[in-house]
Amino acid sequence: ETGVTQTPRHLVMGMTNKKSLKCEQHLGHNAMYWYKQSAKKPLELMFVYNFKEQTENNSVPSRFSPECPNSSHLFLHLHTLQPEDSALYLCASSQGGNGLDTIYFGEGSWLTVV
Amino acid sequence: DAKTTQPNSMESNEEEPVHLPCNHSTISGTDYIHWYRQLPSQGPEYVIHGLTSNVNNRMASLAIAEDRKSSTLILHRATLRDAAVYYCIRGTSYGKLTFGQGTILTVHP
Numbered sequence: 001e002t003g004v005t006q007t008p009r010h011l012v013m014g015m016t017n018k019k020s021l022k023c024e025q026h027l028g029h030n031a032m033y034w035y036k037q038s039a040k041k042p043l044e045l046m047f048v049y050n051f052k053e054q055t056e057n058n059s060v061p062s063r064f065s066p067e068c069p070n071s072s073h074l075f076l077h078l079h080t081l082q083p084e085d086s087a088l089y090l091c092a093s094s095q096g097g098n099g100l101d102t103i104y105f106g107e108g109s110w111l112t113v114v
Numbered sequence: 001d002a003k004t005t006q007p008n009s010m011e012s013n014e015e016e017p018v019h020l021p022c023n024h025s026t027i028s029g030t031d032y033i034h035w036y037r038q039l040p041s042q043g044p045e046y047v048i049h050g051l052t053s054n055v056n057n058r059m060a061s062l063a064i065a066e067d068r069k070s071s072t073l074i075l076h077r078a079t080l081r082d083a084a085v086y087y088c089i090r091g092t093s094y095g096k097l098t099f100g101q102g103t104i105l106t107v108h109p
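These protein sequence lines are chains A and B, in that order.
Under our numbering, think of the first position of the first sequence as 1, with each following residue one higher.
Under our numbering, think of the first position of the second sequence as 1, with each following residue one higher.
Just so you know, the hints here were simulated from the structure itself, not pulled from any lab data.
Hints may be right or wrong, so weigh each one.
[Claimed, not checked] Quick list of the computed label-pair ranges, beta carbon to beta carbon:
(1) A:E56 - B:E66: 29 to 39 Å
(2) A:K40 - B:E14: 23 to 33 Å
(3) A:K22 - B:E66: 40 to 50 Å
(4) A:T16 - B:T79: 31 to 41 Å
(5) B:Q101 - A:E56: 18 to 28 Å
(6) A:T112 - B:Q42: 15 to 25 Å
(7) A:H79 - B:Q101: 45 to 55 Å
(8) A:E84 - B:T26: 28 to 38 Å
(9) A:G3 - B:R77: 23 to 33 Å
(10) B:A65 - A:G14: 47 to 57 Å
[Stated by the list, open to error] Dumping the calculated DSBU-like pairs for lysine-lysine here, alpha-carbon to alpha-carbon at most 35 Å:
(11) A:K22 - B:K69
(12) A:K40 - A:K22
(13) A:K22 - B:K3
(14) B:K3 - B:K69
(15) B:K3 - A:K52
(16) B:K69 - A:K41
(17) A:K41 - A:K22
(18) A:K19 - A:K52
(19) A:K18 - A:K52
(20) A:K40 - B:K3
(21) A:K41 - A:K18
(22) A:K41 - B:K3
(23) A:K41 - A:K19
Every residue, glycine too, gets a C-beta built ideally from N, C-alpha and C.
One chain only, chain A, in its complex shape (with noise of 0.2 Å):
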């Protein structure tokens, strides 16, 4: 148990479809993170709030639209998605937003398009 907590756990979605990934932090901290974890290939960073404000969008494609509500919750909104869109997503936190603080992830959510 991380405090960091993610879900569903598993989405099987089609790509005409429209649904939402949920993480929620317990950690009383101040910045959430979105990565991407295909096969095979290192985690991609997505995006980052920082006091629920968005600070980096690493050139996501827009059919992917997160939003921070308050610092605990972060949700990633999936919309005509493709199928190589398919991998892990991974929900993280961190008392800060830079590169020196412990990063928190979440067990993450299996997406699969079809």
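The hints should help you fit chain B onto chain A, whose structure is shown.
Okay, now just chain B, sitting in the frame of chain A:
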């Protein structure tokens, strides 16, 4: 791009020590070295980090070279549960932790 270089894979026997190397020859004076590991079907988890001095915690030890161009993560007695991908990452005050391919550690019974 805060690069580190690690071997693709390493093997160890259970109950034996494991030394996982990492090169970071372009490291700057204020960059920390972080180690994370990712067990199968889980998100990465923090292992240890350090700046200049060797560091110990309940999971591992981190030995940092005097010139800071390399470091070694030491698992003192490997167990089957230590089989994972181990990531060595440079942490900068201005950037985000960037994960590379890591080292796949296999532990044999």
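The hints, checked one at a time:
1. A:E56 - B:E66: 29 to 39 Å: The hinted range 29 to 39 Å holds for A:E56 and B:E66, with Cβ atoms some 34 Å apart.
2. A:K40 - B:E14: 23 to 33 Å: holds (27 Å)
3. A:K22 - B:E66: 40 to 50 Å: holds (46 Å)
4. A:T16 - B:T79: 31 to 41 Å: Violated: the Cβ-Cβ distance is about 46 Å, outside 31 to 41 Å.
5. B:Q101 - A:E56: 18 to 28 Å: holds (22 Å)
6. A:T112 - B:Q42: 15 to 25 Å: holds (18 Å)
7. A:H79 - B:Q101: 45 to 55 Å: The hinted range 45 to 55 Å is violated for A:H79 and B:Q101, with Cβ atoms some 31 Å apart.
8. A:E84 - B:T26: 28 to 38 Å: Distance hint for A:E84, B:T26 holds at roughly 33 Å.
9. A:G3 - B:R77: 23 to 33 Å: Holds, since A:G3 and B:R77 (Cβ atoms, about 28 Å apart) stay within the stated range.
10. B:A65 - A:G14: 47 to 57 Å: holds (52 Å)
11. A:K22 - B:K69: Measuring from Cα to Cα gives roughly 39 Å; hence the hint is violated.
12. A:K40 - A:K22: holds (24 Å)
13. A:K22 - B:K3: holds (31 Å)
14. B:K3 - B:K69: Holds. B:K3 to B:K69 sits at ~11 Å (cutoff 35 Å).
15. B:K3 - A:K52: Given pair B:K3, A:K52 holds - Cα atoms ~29 Å apart, limit 35 Å.
16. B:K69 - A:K41: holds (25 Å)
17. A:K41 - A:K22: Distance ~23 Å between A:K41 and A:K22 Cα, so the pair holds.
18. A:K19 - A:K52: This hinted pair holds, its Cα atoms lying about 21 Å apart.
19. A:K18 - A:K52: holds (23 Å)
20. A:K40 - B:K3: Distance of about 18 Å is within 35 Å: holds.
21. A:K41 - A:K18: holds (26 Å)
22. A:K41 - B:K3: holds (16 Å)
23. A:K41 - A:K19: Holds, at roughly 24 Å.
Consistency with the previously given hints fails for numbers 4, 7, 11, ordered from lowest to highest.
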